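Sequences are here, hints too, so could you generate the full structure?
Taken in sequence, the protein lines are chains A and B.
Numbering of the first sequence is given in the working numbering, commencing with residue -2 and proceeding in unit increments.
Numbering of the second sequence is given in the working numbering, commencing with residue 61 and proceeding in unit increments.
Everything hinted at is true.
With the Cβ distance kept under 10 Å, some of the chain B side facing chain A (calculated, not the full set): (1) 248; (2) 280; (3) 304; (4) 307; (5) 345.
Bear in mind the hints are in silico, worked out from the structure with no lab data behind them.
Predicted, not measured: the structure shown is a model, and the values here were computed from it.
Glycine included, every Cβ here is placed at the ideal spot set by N, Cα and C.
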Amino acid sequence: MSPTTAPERSREPTADRTETKPVLEISDFSVVYGDEVKAVDHVSLSLAPGETVGLAGESGSGKSTLALGMCRLLRPPAVITSGSVIYRGSRVTPEGVDLMTQSSRDLRKLRWREISLVFQSAMNALNPVLRVRDQLGDVLDAHLKLSREERHDRLDYLLDIVGIPRDRLRSYPHELSGGMRQRVMIAMALAVDPEVVVMDEPTTALDVVVQREILAQIVELQSKLHFAVLFITHDLSLLLEIADRIAVMYAGKLVELGNSNAIHNQPAHPYTQGLLASFPSVHGARKELAGIPGTPPDLKALPPGCPFVPRCRFAIDACAGIDMGLRAVPGSEPNHVTACPFVTNESAKTNAGVAPAVAAAATSRRRA
Amino acid sequence: MSTRPQLEAIGTPPPATAGDAEVIPAAAARGPLVLEARALTKDFKLSEGLRRTVLSAVRGVSFGLYRSAVVALVGESGSGKSTVARMLAGQERPTAGQILLDGNDVQPYQHSQFRQYKGSVQMIFQDPFASLNSVHTVAYALRRPVILHQRAKNREEIHAELVRLCERVRLTPAEQFLAKYPHELSGGQRQRVAIARALAARPRVLLADEPVSMLDVSIRLEVLDLIDELRSQFELAVLYVTHDIASARYFADDTLVMYAGELVERGPSEDVTQQPAHPYTQLLVASAPDPDDLASELRPLTAGVRRAGSALSTTVGCRFAPRCPLAEDRCRAQSPPLLRVNAQRAAACWRLDVAAPDLLHQGFEEKEEAITT
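Written out as structure tokens, the structure reads:
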């Protein structure tokens, strides 16, 4: 959802947002597993205050590695090889802090308080031998100094905002349904008012109806509490609905970034186009579905240049030599960028995607 | 409404609903009936300490699988859709009900009939990481069904068949894939091996239990396309079990919707997804993300209605009633049977006149036409 089509959801119009400094700024971030697997390769991404940015990609695209890496939660053999992650919340100095240079003690203060995480599998993320009350209470105790009453009220409040009856504070995780566990995770992530919440596939394991309820809850809470969300999922159709901007990752690289409606109406990168054409929709007229041929990339043996070449319908020889830097999509909004250099003004405008552009490029090459 | 349409019950209420007797499935247009489930019921006995309870996972489910046609079974987790597939595969013994293969009553769970039945009915599973033995090669996984079901004897014959199978599921070059171990394959490739293994028995029915939900979005469509291609090539009757109603729309001739162990709606996929009749199907369709509706407000659809525990132990009334916005006293007292909506569709709801008034009138117009002509 773009801020322009949904004014009720964003606190400030887009213009203001671009002027305000991003609350989180990831620049040139790279993570390597061992020596050869570049899981995240020079990714830059920022989050404005209160904004929802969707990060789409399939398994192995590096989206979860990026999320864990920016919170410095990765363990060896993962090594962060480059980049900075500047956090500029209202509770830290205006120039911000670089998460990459913090001591582990300072980091502990920042996690949950400033940046919190919601994981996919709440059953694994919650401690099975602790009651909901104790798990939520731990977060409060670690970051806030509350009196007994305040603590008690805060716990009740947290369950209220995620729509769980208060008597569930006494429950153990196994006594809750999957949807409820996920709500507890969300309550925990919001326990001490963070300004950035990273959600890593928070609803993937849930049924569609429950998924819908939880997404609605997240959107509602966000409009109330004004935190920024980095929403990670493989489900692009879901992101189109809830995110302000969408970033698409493939093989550790960012291949496209833009407002949700731009991604929907003028997808520029062939991979994004492929993704959009490959999920069936229950709504609207039947469309022609076309999958993406080939298999997901092997990160140990990536081709030179664009990693999508083996599966790309429009691949030409020149693709092996391109620089995967992001460039503006001609004819689209100024913040819509893609790594594919063969998108022309005409192709983007006519919404025909990259096809004619590459065809033209191929002919011109042949002529040359 | 003065001319309140009369609802016509199909058969008697569960667990003895006759399914196909009155509704003509779209799948029937493709070919003759191959496998039929009649009032399949499965109870699981649970013991919680000293308390014994019965969980009725499936209640009175009836439908048919037709040659060259795909029937989708849609429902959320715990709705009993996989249990139905497992009963049809002979892995679970039904508590009540019949399974008919070519019109003959069979007991596939019985040892004496199991292998012969498996020669006709094969299943593929959700998780290709778990369904293949990780210490054996692809060739090993495929060799056993080839020997058992095709009675292939000599080495060359078997090998030629293995190569053919790999090529059929587009694992080429076949020689290379046959020598590989599951961990050397991607998820999509593993699922192809599982499909090849099912094909090795030369079945007429393929039961696919969530065949693509563990796979990446970009390769799901390819695997579904492959199954569809094999369906037409080998005239397979396919049961496609899924939680994703959108994929059922594109992939299946008929869609059956299950809720809490019961069929709540059935009909041609396009009709069921575009004009759902049962309130649960309506909720399911409305919950699916709509990428074209960029201005949607994402309001919770079941405002105020929380899931009232498990419906699987309730025996009285409609199992969806605790979540249903239209529920009235009758719904809580009496379980609705599948009621005919039109010639091809049925839904188990007492309040169809409110839930889907347009549909009902269409159905009646059709009927009147049929009477006048």
